[in-house]
Structures are given as C-alpha cells and as structure tokens.
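Novice: Generate coordinates for the entire structure from the input sequences, incorporating the hints supplied.
Here our numbering is used: the first residue of the sequence shown is 1, the next is one more, and so on.
It is worth saying that the hints were derived from the structure and are not from the lab. Relax, there's no trap hidden among the hints.
Distance windows between CB atoms, simulated:
#  : residue 1 : residue 2 : range
1  : H650      : A505      : 28 to 34 Å
2  : N440      : M392      : 53 to 59 Å
3  : K246      : P625      : 54 to 60 Å
4  : S167      : R607      : 39 to 45 Å
5  : K487      : S609      : 25 to 31 Å
6  : N440      : K737      : 51 to 57 Å
7  : V260      : V215      : 19 to 25 Å
8  : E696      : S167      : 27 to 33 Å
9  : P213      : K110      : 52 to 58 Å
10 : E599      : I183      : 50 to 56 Å
11 : H650      : E357      : 50 to 56 Å
12 : T467      : G197      : 31 to 37 Å
13 : K246      : I183      : 24 to 30 Å
14 : E417      : P476      : 22 to 28 Å
The model shown is predicted, which means the values in this text are computed figures rather than measured ones. Glycine residues also receive a C-beta, built at the ideal position from the N, C-alpha and C atoms.
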Amino acid sequence: MKYSQPPKTYWLIILIVLVTMSIAGCGAKAPAPAKQQGASVVLNKIEPRDVDGKTEIVIEGNEPLLQYTSFQLTEPLRLVVDISDADIGAFQKKMNVNSGAVVDITPSQKDAIARLEIALSQAVDTKVYQSGGKLMVEIGKPISEETGTAPEPAAPVQERQKATMISSVQASAGKDGVKVVIIADGVMQPNAFMVGGNKLVVDIPGVRSSAKPSVIPVRKGGLSRVRVGQHAAPDQKVRVVLDLTKTLEYTITPEGNTLVIAMGAASAKKPDEKLPQERAATQEPVKAAAIEKEVLAPQEAAAAVPPPARKEERETGKTALGAPEASMLSAGKYSGRKISLDLQDADLINVMRLFAEVANLNIILSPEVKGKVTVRMVNVPWDQAMDMILRMNGLGYALEDNILRIASVGALTKEAEDDMRSKEAKKKAEDLITRIIPVNYATAAGIEGTIKKGLSPRGETVTDVRTNTLIIKDIPRNVDEVVSLIKLLDKPIPQIMIEARIVEASLNFSRSLGVQWGGKQIADAAHGNPIGASFPNSMAVTGGPTMGATPSGSGNYFVNMPAAAGAGTGGGALGFTFGSISKSFNLDLVLSALESTGEGKVISTPRVSALDNKEARIEQGVSIPFSTTSAGGTQIQFIDAKLSLVVTPHATPDNKIFMKIQATKNAPDTGLLGASGQPSIRKNEATTEILLADGETAVIGGILIVNRAEAMTKVPFFGDLPLIGWLFRSKTTTEAKSELLIFITPRVIRQEVI
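Specialist: Structural data, given as structure tokens:
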C-alpha cells in the first residue's frame, strides 16, 4: 500500500495540541503568590531570631527593599514597619513569636504598602535598617534579661470591674498646683471638656454619687470650688464641675478605682503618657453658650454630648476635634500621640497618609505634595513631627472638622486672603439691621466706646441717656457679636462687706512693800535701872517726835517707810510690840504691803458694705466742745472722738479683694485734762492698702505699749546694808501694758447658683 504525505494543516494541529499540553502541565504546579497591583516587590521571608539576647527580624523580598518607614505606638505597645511599593505575599496570618520583648507579628496589606505590626511586651529600644537589600528590625533586650533574670510569664489580663458608685470627691491646693481626687468602687471612664474658658467639666457615665458635700470650696491655686451633681436615667452619670479663676492646664489620670485631676501652670505627667481626655484649659471653648446652662445645673437630667464624642463647630468655623487622637494643630501647641519615626527616602505622600492614620483624620493632599523624606525621630508628638516635615518641604496644613488638608504655604496663604476678601465683600453686600439693647447695670455711654470696635465701617451706635439704652445698626453677624459682648460687660457690680475688729487690751500691776519700826529706852531710878551717876542720873532714847504713834501707842518710829497706800488705809500691815515689865524698854515693828492688778479689754467691730471701686464710710462717736479765748472773744470748737471705718474695695478676677483702708478709734481720756478742764483725745488710727482673698482675715496694724517703773525709799547707808538693809527701806514696783490690734475681713456678697 502506498501512503501519501500528510498535509501542512495536519502538522499545525499537532503543534497546537503539544503547546496546549505544555501549558496545562505548567498549570499543575503550585501557583506563584499573586502580586499586589502597583507593587514592585513581593515579600518572601519574615524570620524572627535571637541574637545575643536581642530579637532580630529579617525581612526579604524578591527584590531589594529600599523604601520603608517605622514608628512606635503606645496603646497598645507596638512597632509598626511599613514597606512602600511592596506586597505582603503569602504572609496573611499572625505569627506568634514570644521571644524576648516580641509577642507576635501581624502582617497586613494597605494599597501598595506592606505593613508589619510587631507587638511588644514592654518598652525597649528598636532599630530598623537595611543590610544587603534585606530589612533588619532589631528589638532590644527586655529589662528582665538585662538584669540577668528570666521574664515571668505574663498573667492573663482580666477585665476590671466598672464603677457604679462614687464615694468621695476631694480637692487640695499646694505649691505643685491643684489636685482633685475622685474615688469610686471600680474603674471610671471620664469625658472631660472646657466650657466658657473657666469651667472644666468631667462626666463619668453609668455611676451614681454618695459623695458629701456636693460643693467643695477651694479658693486657691486658680480653683474656686468643685461641684458634684447627679444626672438621672436614662443618661445616668455624675458630673463634676471645676470652677476656675484663671487659665490652667490639666491632666486626668485613671489609677485603678481613683481618678486624679491635676491642674497647674505645667501639668506633671510621664513623658510617654498622653490620655485622650487630656486637653489644655487655654483652648477655645466649644459651644459654651449651648451647654452653659447644663453645666451650671448638673442635677438636671438633660445632658450634653461633650467633645470629642461629637464634632462641634468652633467659633472660628474651621477647626474642630474629630476623634480622641486628633490634635488642636491651630492652637500652636503639640499634644498629639507620641510616636517614633525612622524614614529613609520615604515618599512624602505615604508619610502624610501615615500621620492621618495615626491621628484618625481624613486627609486631602495637593498635587504640590511630592518628594522624599529621610528622618529619625524618637518619642515625639505626631503633630510636631508632621509640622517639622511640612516646614522642611515648604508645605502647610489646614484642619477643617476632621479633614486635614496639605498644600503649599503659598496656596494656603492665598486661600486665606481670598477667603478674607470674600467675607469682606459679603459684609458690604449684607443688609443692615437695627437692634435696641437696654443696659441694666453699666452705663450705656460707658460701654459704647468698647462695642464700637466690633462694628464694621458701616455700623453705628446711638446712646439714649434717659433710658440707658444702646441703639446698634450694623450687619446681623456683627450685631449678634456686639449683643453677646454687652451681656458679658453688663454685669452687676460686685458688692463687698468689710468687717473691722479693733481690740484694745490693758493690764496694770502695782506692788509696794514698806516697814515701820521704833521704840524707846529709859534708864532711871523710877524704872529700876538707874545709870549710877549723879549727872545725868536718867536717860531716854526714842524715835523722832513727828513719826506718829506706834500701834501700841507706846513710842515713836526710828524708821517710818510704810507701803504706798499707808498701813491701816490700804493693803495689809502687821505690827509687833516688844517691851519690858518695867516699861523701861519698848520696841515697835510694823510691816505693810500692797499689790493691785487690773485688766481691761475693749472690742469695736464696725462693718460696712460697698460697691466695687466705691468709697464707703461708717462712723460712731461724740463731738467734744473746746473753748478758746482770743482777742475776738471766746470761741467754741468741736473735736470728734469717734469710731470710723473708711474703705475703698476692688474685687479682682482671681477672687481676691484689694482695699484702701482707714480705721480710726478715737476716745476722750479724762485722765489727762487740758488747762480749761476739757479731756484730751486718745487717738488710735491705721491707714493702709492691702490685698486679701475672699473671706480671709489679716492684721493691718498693732501697737504695744509697756511702761515699767520701780521706786525705792531708804535710810542712807543703813538701807544698803546686807541682810538687814530691808529694815531701812521701802520699795514700789508698777507695770502698765496696753495693746491695740486692728483686724480686717472682706467678703464678696454673692448668691450661689449651682
């Protein structure tokens, strides 16, 4: 049989079948990892290993890893490594490590960024660097390993019991600032926000209060008082309101069953500690007018939703807190969560997206945002890190609600200028309205100059003096602002009660000691003791004839120095008589003593009430007539002897009172008479200026006078003899003491509103 040659189409069919079988055979092999769209590198190795007690994580890809960023987060503690333009590959599940300080590694993919979240058991040093195209992550030794002891296994974390009852609210003020401590029966979850710039509100949901008292006065350190109020169901909570007298910064730190609110010029806190509740008391108040009523009445059931739980439109209309992690960038103070960054030739767009993710903000990037960033920062607020990077690249930001816009500084400046011109044009096109505003406490003419500064060039004011009314004409927005300003300025003038206490105390003491003694001696035949001579045949010795009689009437005194009041007429006296049977010798002795003590106290308490910066005077006393004689005749002049208090007080914004004081206590003194018999005037006066806290008492003046005198009468020579000298002298001691004290106590008269 003879076969013909196959046609060309036959061989073509065989070739197609062979190629198809080859492709099918290749498809039977394990599929290669799908490559993320837009990524140029696929990770094929993530290997943790121990190196000299440290933990090292080696990351490799099918191509060298060139672009990466890293940062640390504290809640929970973890290191985040982002590899740009990379695919996570086959690593889709969490990797349990439990080596050194590393707990586990969680890989994830976000667009063209491969992310590794490395959970840490404690804060240690970390380092991310390139080596031969690989990415090396070095985790430092745990503290327990550095000290030579093995780390104990972590105890299972149990959920703490939530608080249901607040048992105590305590407040104290010292050199380090003000501290308010709230104690409950479990863990509290507070929400804190400022109202009106002078009230810090702390809401603790789901609890009740048994704390007493409900109003705690402090009046120190910038804190006036603390108020505790209960809000009933369904929105059950306890509201604690701190009334401030000056701007303060505060931190709120939960410590187990205790909540510590620390306030001061610079709050003390750990470097890594930043709570979502922490805010500066100098920030702009959030819708103060809308919730002021509720803050002043915490017992009412109606409750407001405090920031940052909802996005409140601020008075600027452009800036608001959108989430607990957001920072008030426009406030000029860095307060964002602290992070660590290690960037090497990282794309600026990816870095900005990283910041938006950390802050939980939406972000819009201008086409002008481009370039590379290389930086290493450790433990800095995210908003500070972002601000520094933007400045280096000539960029700026604008925060509107929870949207962060990044653009060039020139573009943002031009946008702000255009916005201002647009607003001015709208103002000029707006219709004018007229509002009549009565003024209650101030004078309309007095505040007119202040409110004119808030009007547009088209605005004008007219004052009606008769009715004390302001007539304002301007665009609606400016009129509303002026009305709010008038409400702030038109407040009742503080009334102040000033109480003075003038205390006069006197003490008098007198002591007098004296002696009298004498006698007579007769020697003659009649008394049986002749002297034995013919002349003289008798002799007598006796005291001086002017000394007076002895108590027994038998002789005169040799020494006659009785106590000052005199024996027998005051004080006490003791007499002795010694004699012989024949009465030829008699001796008389009298000892006299006198002591007197006197005490006196006069308390005068004038009180007077005054308006702020207005002088007040109160007087009580008599006018004493004094006559003077001259060539024109006799004239009568009246001199006031009065108790008076003249004071000009001023209440300062920080709850203190400045006073100009003149306190007078003049009284007639009949112990010292003039030539015509009129009494003299004893004057006690004090004039001073002083600054005191509300209700504080101070001594503004005091005079102490002590008079001591000692007098001695004695017989020359004999009065100086030792032992027996007291027989020849008398002694008088006097002491007079007088003291004047003036106390002052100011109090602001106010009606408590809670």
